[in-house]
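Chain order of the listed sequences is A and B.
Numbering follows the numbering used here, in which position 226 of the first sequence is assigned residue number 223; successive positions increment by one, without gaps.
For the numbering used here, add 50 to where a residue sits in the second sequence, where the first one is 1.
I should point out that these hints are in silico values taken from the structure, not numbers from a laboratory.
Ideal Cβ placement from N, Cα and C applies to all residues, glycine included.
Among the clues, some could well be false.
Some, not all, of what chain B presents toward chain A, calculated at C-beta under 8 angstroms [as the list claims (entries may be wrong)]:
1. HIS95
2. ASP142
3. LYS352
4. GLY355
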Amino acid sequence: MLPRSMYKEIELVVGPENVSDDISIKYAYRSPYVTVVLPGSTEEVQAVVKICNKYKVPFKAQSTGWSFYPPEYDFVLLDLRRMDRIIEIDEKNMYAVCEPGVIAAELQAELFKRGLTCNIKGAGSNCTALALSGHGHMGITTSTGDRNDLATEWVTDEGEIIRLGSLSSSGEWFCGDGPGPSLRAIIRSGGVITKQATKVYHWPGPTYYDLKGSSPQYILLEKPANFMVRYFSFPSIEKMLEAELKIGESEIAFELMGFCPSMVSSNITTSNEEDFTTLQELLKEVQGPGFMVIIAGNYPEDFEYKKKVLEQIIKETSGKSLKIVEDPKVETTLLIQCTRISASIRETFRAGGAFASMMVQGQRYDLHVRWLEEAAEMKRELIRKGLVIADEGYQFGWAEENAHLGHTEIFCRYNPYDEASLKAVQEWVRKVAERALEGCFALPRPGILPVEMVGPRMSNYHLWFEKIKEAFDPNYIGGLTGFSYVGVDSASDHTSLYKRKGPAP
Amino acid sequence: MAIEDYEGDMKMCCRCSACKYIPLQMIRHSKFSDVCPSIARYNFHAYSGGGKLLIGREMLAKGFEYTDRFLHIVFNCLLCGACDVSCKYAMDMEVLLPISELRMKCVENGNTHPTFEKVINLLRSKGKMVEGEGKRSEWAEGLNIKDVRREKVEVYYHAGCLSSYNKEYHHIPRTVAKMLKEAGVNFGIAYEGEICCGGRAHEMGYREDFFNQAMKNVEIVKRSGARVIVTSCAHCYHAFKVLYDRYGFKEFEVLHITELLEKLIKEGRIKIRNSLALNVTYHDPCYLGRLGEAWIHFKGKKLPGIKFVFDPPKTYRRGAHGVYNPPREVLRMIPGLKIYEMERKKEYAWCCGAGGGVSESNPDFALWTAERRLEEAMETGATVIVTACPWCEQMLKKAVASRGVDLQVWDVVEVVERTI
């Protein structure tokens, strides 16, 4: 519980209606230690952060709260939901400026009208439109979250408002690296991003999808001109990766999403039962690992050219098209789901209520895929024991920036309230992470393994990071990085990079 | 039914926030992306559908603490079901039902809203849910309608409390009665014998009072000989069609007046004689639309294992099969009239503010909600908002008055009346 005088001071800043530590609020935010504050502006964020510094009470911030890792001591949560304005869309310079409470579906809707789109995290368009980190389905065109952020307004852990990149020198949002300070790596260590510009990209599709039907099956009666969706499976991972690279090099795909069959199945079905039945059908047809491709032509000749190149690549790599996806109804369903990114919840949560993921962002090829193939084997063992959802255990991923970069991932869907299921998944995560280090395959994201274990493998970066943190956050109360397993409060079983034991300072 | 029955559903909430927005694919404008008035107004996650599930889940496990904030959250839910639709776009779980049970739990344990208590006392003493002097059947004066207390009929018309006791809405049942007469429908009303359907009592959390009303209404209908109940109120429609069925009271067909009008016009029994050069937008009442979907009786068990699936497979009510087309079809049959749809429509329509008894318990919030709907209606360029429920009409009219805008609010029957 916060000191009452502190609570009163926060009330004066945001108004009594925008702060609460009531038990019901604590339950809704999944922490017995939380006091939730709803700031409405950068100035209010700054004022609350300064109060936190004054009382030396830690704070965290969240945009939409999809993934939240509550600390185990009294803290202030800045829920930035009220900061929900799209500040600017600059079509000429191709960026959009948003506050954290804007969700990607909202920004994309406005961008579509202008022939533009944006990067959307794989978690879904229900999450913040801010770039931040996070990779998504359209990455082959829109790159990764952390390569999309431009100028940024940032409240430091001490409560100073810093404008980064071109914003600091010219008041313009077009660049994250200057003229002016570039602290793009630093801002992920804490503080609160209150406004940010994100890059936007050309969208050759309609200004909106004229959908018919009703939930949970909205239908696009007519496929937009010059669009095609296909799913290809391959005889081996090598062949699949070869195809990915060739598609990237030829720059023909709008989207290349390495769905495993269960993700395709979840996307195109409207209930669990239908999902499991459909998956069995898909598994009969696929010959091995695969991906979904969306071709989007700017005009008929462009479309024809891209299709022909794709055809050639698929031929060269022995790819096989999944017939069910060639059905126009399924094809258009995938098109809308995978460009508006509205099906991630089906993929991850519908079956068991939670998922635990292992991912590597930035790379895909060779080592990472090999590592997660091992993880898939370990997962299949859990499937056999009935401890995670039976989805055949595939890893998945996708090419980004025309295959300069990539993303590789595997997740276990499970029931967080089934003790055996939860324990098995936690153990699987730990083993897969340890294997990443032992085999020199990858560096698991912070928080999965103790920092003392990971840091030395990364030039003791954690020690340097501590110094930076100390400089920006001398009271050590700022938004500490962490990593949660989405949908379940199991993160306390893992060691966050900056998680401290015991009471707050 | 109790909140305990939905423990599994509440545990399925993954905190994705889908319940706050219209189905994501349908978002066309950042201004009209919200779907839940409660979270849109109060912003704490606790006010969202998912937030309430998390609270319910925790309180079920750790004990109920009836704090002011908790009760504010519970009683400032419009129970409009929008969260339920948006969640079920992706998930297989109940959302609205546990939220409704959460409120029931509060009321059953004596933690009600004082305004609700007042309204329910009115129901218990006078069989009505709204203030207002005068006779219940005042609207029917001079129409010479059959009295079901004495005569057998095929159709029992239930006007509902608001249309009966608020003179401003007498035009709705009067017009309905005139049209049914013109169409030669053998119908009657219960005059002073009509009593509240109990639907809004159920919304407010008073299940026992709902049961009392249901039992009495079943008797009225049985005695009338009618096999069909027709109502022009969305809340009554929901009560008779969905709740009576859910709790085993339904022994008759239930039609909303727009469903019957569509049929009668198509059969030529009501003739559209005049054109109406009018640009309208249609507001879907929640209790007629997404919540008007028939009840699905389900008796199954969750299968053992980690998947949230049932034996036999559970068919969820996802809001898609409510009464959406009949009112639109009736409007489409009027020459000269053009419908301009709002962005949020049908199963993901924004509530008018009257749901869940909030128009009584928190009129400011109800008005705020209605004003948001008004803004959306105005964007269509329509000059008239047409709806099919007196409660919606009331809220939208309040919003028009509050904003001082030049927009009219009509019921569907009022539109038809001008053409016959």
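Hint-by-hint comparison with the structure:
1. Given the 8 angstroms rule on beta carbons, the hint for HIS95 (chain B) holds: about 5 angstroms separates it from the nearest Cβ of chain A.
2. A cut of 8 angstroms between beta carbons decides the hint on ASP142 (chain B): the least distance to chain A is about 5 angstroms, and the hint holds.
3. Checking LYS352 (chain B) against chain A by beta carbon gives a least distance of about 11 angstroms; that is not within 8 angstroms, so the hint is violated.
4. Evaluation of the GLY355 (chain B) hint against chain A yields a held restraint, the C-beta minimum of about 6 angstroms falling below 8 angstroms.
Checked against the numbered hints above, the structure breaks only hint 3 and satisfies the rest.
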